[in-house]
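K.L.:
First to last, the protein sequences are chains A and B. Residue numbering for the first sequence follows this note's numbering, starting at 1 and increasing by one per position. Residue numbering for the second sequence follows this note's numbering, starting at 1 and increasing by one per position.
No lab work stands behind these hints: they were computed from the structure. Just to be clear, a hint being listed does not mean it is correct.
Simulated DEER-style distance windows between Cβ atoms [unchecked claim]:
1. B:218 / A:401: 46 to 54 Å
2. B:375 / A:380: 22 to 30 Å
3. A:142 / B:13: 45 to 53 Å
For glycine and all other residues, C-beta sits at the position ideal for the given N, C-alpha and C.
2 protein chains.
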Amino acid sequence: MADSAIVKPQPISGFPEWLPEEKLVEERLLRVIREEFERYAFTPLETAAVERKEVLQAKGVVEKEIYALSRLAAEAEGGDAGTEMALHFDLTVPLARYVAQNFARLVFPFRRYQIQKVWRGERPQAGRFREFYQCDIDIVGNGALGLLADAEIPLVINAIFERVGIGRFLIRINNRKILQGFLEHAGVPDPAFAQALRIVDALEKIGEAKVLVQLENELGLDADVASTILAFVTEEADIAKLKAFDGGPRYQQGVAELAEVIEGLEALGMPPENWTVDLSIARGLDYYTGTVYETRLVDHPEVGSICSGGRYDDLASSFTKQRLPGVGISIGLTRMLSRLFDAGLLTPGPKTPAAVLVTVMDRAQLADCLAIAAELRAAGIATEVYSEPKKLGQQLKYADQKGFRLAVILGEEEARAGRFLLKNLATAEQTDHPRAELVEAVRAQAARAATP
Amino acid sequence: MADSAIVKPQPISGFPEWLPEEKLVEERLLRVIREEFERYAFTPLETAAVERKEVLQAKGVVEKEIYALSRLAAEAEGGDAGTEMALHFDLTVPLARYVAQNFARLVFPFRRYQIQKVWRGERPQAGRFREFYQCDIDIVGNGALGLLADAEIPLVINAIFERVGIGRFLIRINNRKILQGFLEHAGVPDPAFAQALRIVDALEKIGEAKVLVQLENELGLDADVASTILAFVTEEADIAKLKAFDGGPRYQQGVAELAEVIEGLEALGMPPENWTVDLSIARGLDYYTGTVYETRLVDHPEVGSICSGGRYDDLASSFTKQRLPGVGISIGLTRMLSRLFDAGLLTPGPKTPAAVLVTVMDRAQLADCLAIAAELRAAGIATEVYSEPKKLGQQLKYADQKGFRLAVILGEEEARAGRFLLKNLATAEQTDHPRAELVEAVRAQAARAATP
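The shape of chain A in the complex, shown without the other chains:
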């Protein structure tokens, strides 16, 4: 087999890949997300990346650009390369299909989390990806599901964003029935609701004036009706005041649901500064039928919504006759991370998950160096041994480049004296310790080196 020519590797637009120092940040976020999802009793689920085309298209519309799979070998042979399969474009359709398929083997309410890549064959733009992570949680009931579930969802998101440390954030909560009921009460015809909600939902993006114009021009509403709607959604929400207004049955139901969710939030200890009721939040999807959520960074509105979701009446009507109401939320991790890097809210750090580099001065000390590494690893301290005996300066340069916090140095002299040197790579401070106190000394210095 002759060597073929060199294929110059190039990035593929829309398929992001991180450098090691960036991927370590993503891994830390993934770990926090998984831990919090599990702390709130969501169980991990992973579906195949691949679904039958008919499953992805069960709603009757190709709204997303779906990637279909074909067999490359069959293509080359001139045979039929097509398959019945395509890559999933979100985690909701796969959840619906999975729950319908495994209905008898699941226990309801089914609380699952799912952290997977999804693929969309969209034209790539800044911040728009064709392969990206979604981190979803959903609580799915069998036949019915109480509103306590709607209160728990923002708690989980709050726990994650508090730990990640990305500054102040605000989870905005609403109930679509309130606005729908209000529109009904204002005499707007039912078929116009969806469009009206989309216009109102764009308030932050397009501003009040444009909302008025669009309500009037696109829906043919009178100017005073449009003004009433705008005034309603921009006013600060107050549950007592909302309850006092006689907006008809759908409106009243929405307000009652929202009030119950708020009670739950408060009982669960949700910090008041991290959430608010915002009557203009509607979410684009008709899929949502009650509670809706959206999350923004207070000091960085330009980042946009980093997490959104809501309540739906029936998860899997395309796949089963069982009625499965639920509520869920999704973090678009790849997009969020990319924007947090751009905004400087998260900063790539070291290029290694390890804290300690054990340097190797001389082949005569190699076995001792390896024993030191083994001891540190056994104590749970992530450790690398330099790959071969070399000049110390070169090894310390390597340690700096990779971002180790500490270097263990064991020269002939130290080895003979039963001691070792520990270098703090941030401060260049070097200390001398008895070999028997290896783990304690490294632990103490690692803790110091971690807080610059």
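Position chain B against the provided structure of chain A, taking the given hints into account.
P.N.:
Chain B only, in chain A's frame:
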């Protein structure tokens, strides 16, 4: 939009999906694998699932069945649906492409781990999947890489399998140069080496008699030469004896390399019962040029190799002129897990990651119940609150079905007395505690409930 007909969801052959109780086992394994990879200073890497076709085919041969991507929407429009992209079939080609592409931004030796799904359009069989997890580590040098790296690889694998608890395992180590040199010395012509190594490597599967027959018939070796080869690879390996034999320069180099790797293994504290030198291990791929590894379960040989890899001279010759020697190993997680489930070596347990279910007896106590859940979660105890007030029996049945270890019960009486009940669901034992001792009581009982 009219409701479309119901699409009956069906599993797709070769694309495995776990039930929650199985996925929790997989998650535990993934966690152990990630932790050990990082403890040994491998940094996480994730490449796009998608590569350019020319990258996947750079070796000039389509050895695997590759899935190519096309745009479903373009298909429907009658346009050109094809793309330049396909799904990766392993993690080695993506690593090579990534290292070549980001060469200037990486620090060498580059130690990375990569845990991702890969896809192969093979005909599905028992234990053969078309979508499955691989968990890879590699240490890649720039120009050169010392043999210490070859000693570290089995240590990582040892740490993982010891923690996972799947019974006795044996990592078998060899160096391809030894067998190649021996063949050379025995007068076997060079072009026959690859085939000879494949035959010898199949020893365990096909038995000694067939190895002899194949060496004679397929390679045309004399019976006594075939016997000498068989005797050599089946004899217990002894480094001193191997060193004493004058097998020519290639043989000697292989033995010297193996001896150095063994020294490293011993200095790093590798438990002697978990590894051995086996001269018959050769691995099928010509890609490997020195050290090779294979791992079996001692009491379950039928499971086959659960982890294998080796040393290669040049990772990325298809993508760059930089010479990048390295060593790596791969755990085929999905296949391994499926076989461990089948063999009963791993058993699915609870259907929830949470330890505690807080029951809800009455709406009057709901706020107290939610406060209890919040307190437990804040203490790091994964907790679920039952979704609505219902009969206690029904809630405890739910707790049993999902596999919670403990249930917190707060009736009107307990609430008034400032106490709560804690039920151990395995023993049905119920204890009574002051509300102020919530976290301590749950911690103590959870520890007891975890050791049946």
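K.L.:
Next, verify each hint and record whether it holds.
P.N.:
Structure-based check of each hint:
The supplied range of 46 to 54 Å is met by residue 218 of chain B and residue 401 of chain A, whose beta-carbon atoms lie about 50 Å from each other. As the Cβ distance of residue 375 of chain B to residue 380 of chain A is approximately 28 Å, the hint placing it in 22 to 30 Å holds. Checking the proposed 45 to 53 Å range against residue 142 of chain A and residue 13 of chain B shows it is violated: the Cβ atoms sit about 29 Å from each other.
The earlier numbered hint that this structure contradicts is number 3, and it is the only one.
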